[in-house]
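Student: Chains as they are written, first to last, in the working numbering: chain A, 19 to 167; chain B, 2 to 107.
Check each hint, because a few of them may be wrong.
BS3-like, lysine-lysine: derived pairs with alpha carbons at most 30 Å apart [unchecked claim]:
| hint | chain 1 | residue 1 | chain 2 | residue 2 |
| --- | --- | --- | --- | --- |
| 1 | B | 14 | A | 122 |
| 2 | A | 97 | B | 14 |
| 3 | A | 65 | B | 22 |
| 4 | A | 122 | A | 65 |
| 5 | A | 97 | A | 122 |
| 6 | B | 22 | A | 122 |
| 7 | B | 14 | A | 65 |
| 8 | A | 97 | B | 22 |
| 9 | A | 65 | A | 97 |
Rough simulated footprint, nothing fancy, chain A against chain B, three-plus residues with beta-carbon under 8 Å [unchecked claim]:
| hint | region |
| --- | --- |
| 10 | 48-59 |
| 11 | 64-70 |
| 12 | 76-88 |
If you're looking for bench data, these hints aren't it; they were derived computationally from the structure. Glycine residues also receive a C-beta, built at the ideal position from the N, C-alpha and C atoms.
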Amino acid sequence: MRPSRREFLIGSAGIGMASALPASATPAMLEEAIRNVIGEANLQTGKITLEVPPLVENGNTVPVTIIVDSPMSEAEHVKAIHVFNEKNPQPHVISITLGPRAGKARIATRIKLADTQRIVGIAEMSDGSFWTGEASVIVTIAACVEDVK
Amino acid sequence: MARTLINVPTTAKRGDVIEIKTLISHPMESGYRVGTNGTMIPRDIIRQFVCTYNGEDVFRAELSPAIAANPFISFFTVATESGTITFEWRGDNGFAASETAPITVE
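Generate the whole structure from the sequences, applying the supplied hints.
Tutor: Structure representation (structure tokens):
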């Protein structure tokens, strides 16, 4: 639903006072959030897959499955998985710590999406390399920012 | 105490990779919504989820407001020995919940 001018002004004033953050993250914030996690490391594309329905009706619960291609052995495993989004108020979604005890790097959860956007996954391997993969989702009813009536 | 729903196989063969599914009732209030009186609803979310297998950490997740209400997390682990799998959730306003599930490994 499109907020009225009054609702929008009330909402933006509240956000301004609370944290001075914009109502939605920007691609620059996404980039910064990713850099905070991986530092100066080189980001390679591949190995990580995000399974998300391409079109979701309700952004309040979007099922996401994260799969990383790894043998998950003592010598070669996934250490961590991070998921970010582009347009929610905060770019961070979830950070997962794994080890060889996981057996299989496949995680499922449900997330909120404020808008039609890109979701980015980052996998940190035991050899110190970082891999990235992304998925695009079309959201018809947004989450997070709608008001309580 | 928040209601939880845990799905762990009761028996498994040694070395099997088993799937664990967890669900906990929690509003996951993002802190970005405006309430009826025009003020922001304060954030109330689960920040951390930890799974330990006989005391050893096997899975850990740091959650953000972007996780949907009633957080559902499913993951895999290797069935190494019989014992107890413990699940712990921690969050804002001192929220804490824990649950255990027994497993028999043959």
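Student: Are the hints correct? Go through all of them and say.
Tutor: So, going through the hints one by one against the coordinates:
1. Of the supplied pair hints, the one linking residue 14 of chain B and residue 122 of chain A holds, its CA atoms being roughly 16 Å apart against a limit of 30 Å.
2. With a C-alpha separation of about 25 Å, the suggested pairing of residue 97 of chain A with residue 14 of chain B holds against the 30 Å cut-off.
3. Restraint check for residue 65 of chain A and residue 22 of chain B: the C-alpha separation of about 24 Å stays at or below 30 Å, so the hint holds.
4. Distance check on the hinted pair: residue 122 of chain A and residue 65 of chain A sit about 13 Å apart at the alpha-carbon level, within 30 Å; holds.
5. Our distance criterion of 30 Å between C-alpha atoms is met by residue 97 of chain A and residue 122 of chain A, whose separation comes to about 12 Å.
6. Of the supplied pair hints, the one linking residue 22 of chain B and residue 122 of chain A holds, its CA atoms being roughly 14 Å apart against a limit of 30 Å.
7. With a C-alpha separation of about 29 Å, the suggested pair residue 14 of chain B and residue 65 of chain A falls inside the 30 Å cut-off, and the hint holds.
8. Of the supplied pair hints, the one linking residue 97 of chain A and residue 22 of chain B holds, its CA atoms being roughly 20 Å apart against a limit of 30 Å.
9. For the hint linking residue 65 of chain A to residue 97 of chain A, the alpha-carbon distance of about 14 Å falls within 30 Å, and the restraint holds.
10. Figure legend: the region 48-59 of chain B, annotated as covered by chain A; annotation consistent (4 residues with Cβ-Cβ distances under 8 Å, at least 3 required).
11. Against chain A, the region 64-70 of chain B contributes 7 residues with a C-beta closer than 8 Å to a partner C-beta. That satisfies the three-residue criterion, and the hint holds.
12. With 5 residues bearing a CB less than 8 Å from a CB of chain A, the region 76-88 of chain B meets the requirement of three and the coverage assertion stands.
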